[in-house]
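Number of protein chains: 2
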Amino acid sequence: MGTSSDHKYEEAREVLAEFGVELERLSIDRVEIQADDPELIAEYSLKVLDVDIPILIEDAGLYIDKYYGFPGPYSSYALRTIDNEGILKLMEGETERGARYLSAVAFRDGDTSVTFTGEVGGRIAEEMRGTNGFGYDPIFMPEEGDGRTFGEMSAVEKARISHRARAFRKLGEWLEAD
Amino acid sequence: MGTSSDHKYEEAREVLAEFGVELERLSIDRVEIQADDPELIAEYSLKVLDVDIPILIEDAGLYIDKYYGFPGPYSSYALRTIDNEGILKLMEGETERGARYLSAVAFRDGDTSVTFTGEVGGRIAEEMRGTNGFGYDPIFMPEEGDGRTFGEMSAVEKARISHRARAFRKLGEWLEAD
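Top line first, the protein sequences correspond to chains A and B. In terms of this note's numbering, the first sequence is residues 1 to 178. In terms of this note's numbering, the second sequence is residues 1 to 178.
Because the hints were derived from the structure by calculation, they are not lab data. A couple of the hints might just be wrong.
In this list, chains with the same sequence are indistinguishable; a pair is considered to hold if it fits within one copy or across any two.
[What the hints assert, rightly or not] In silico BS3-like pairs for lysine-lysine, Cα to Cα no more than 30 Å straight-line:
(1) K170 - K8
(2) K8 - K66
(3) K66 - K89
(4) K47 - K170
(5) K47 - K89
(6) K66 - K47
Only chain A is shown next, with the shape it has when bound in the complex (with noise of 0.2 Å):
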């Protein structure tokens, strides 16, 4: 098991790889502003990086219709604080469970700025299932599927309908074609 910034930079350095496009990354801090919005976080984060060399940001989230959104941009902190179970504590009784994962690629090269997004739609199951993934993948059942969660799809599956795959696969073909 690694961290889950370990897991989010394999499953883009996969995506890109297959674009040819070679990911490394990068130990700096960025500065993460609070927006409901993953595309405006990841877009500050970049513009305040004194980096020179051709860099990105990703920022994701999920958005649970039920509740405006959230966890949606503090994510990362729920998960910390009331995890897994807080989230379903919170829909525990709700029929409405649709949710929405979301997440923002912004890239930069010299003078140019590209931000690209992409997004799974799906539901929060009735209880953890499945040890694949992390952060909330056990409770998201995403709607192109089985019925099965993320935590119980191989890396491979995943990949196929994830929102940070399809962000990434946009960035991909944007540097293809370029």
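Please build the complex by placing chain B on the supplied structure of chain A, with the hints as guidance.
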């Protein structure tokens, strides 16, 4: 009824008036970072604010022990999404109900920057009580009280013990001594 920020402004204004300090509200956007600590959030907002007058920024939050400080720095967002009903649902059946309200006031005048904090301990009530105050006040019972929530107290009673009044009182004393 006003907005949360009307309430906060009014609370701060009244405390500073005790020290002969006049507070005026500006309508400017601030950059709000993600951090666990209201001091860091207020200080960063102030640091990147290009305004050449004596200025302050306050950040505050409700920190629930059981949930490692949640909703903490994202208290406004949690209020807009899961609201007091969501917090009460998370606390259902929980006997560990301790919580703290924290406030941090970052102040700058020319080359001088200083930050003051205020805190009030208490418990999360079993249900919403009272219509005074704002935010989480109807579910927060301060320990230096008689079991009433902040929502059941007058503005004067709340100002004796509230986190915000305490932080602003420290600033008032500092300005007075200066």
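Hints and how they fare:
no. : hint       : in the structure
1   : K170 - K8  : within (16 Å within a copy, 44 Å between copies)
2   : K8 - K66   : both (26 Å within a copy, 28 Å between copies)
3   : K66 - K89  : both (13 Å within a copy, 14 Å between copies)
4   : K47 - K170 : within (21 Å within a copy, 36 Å between copies)
5   : K47 - K89  : neither (38 Å within a copy, 39 Å between copies)
6   : K66 - K47  : neither (33 Å within a copy, 37 Å between copies)
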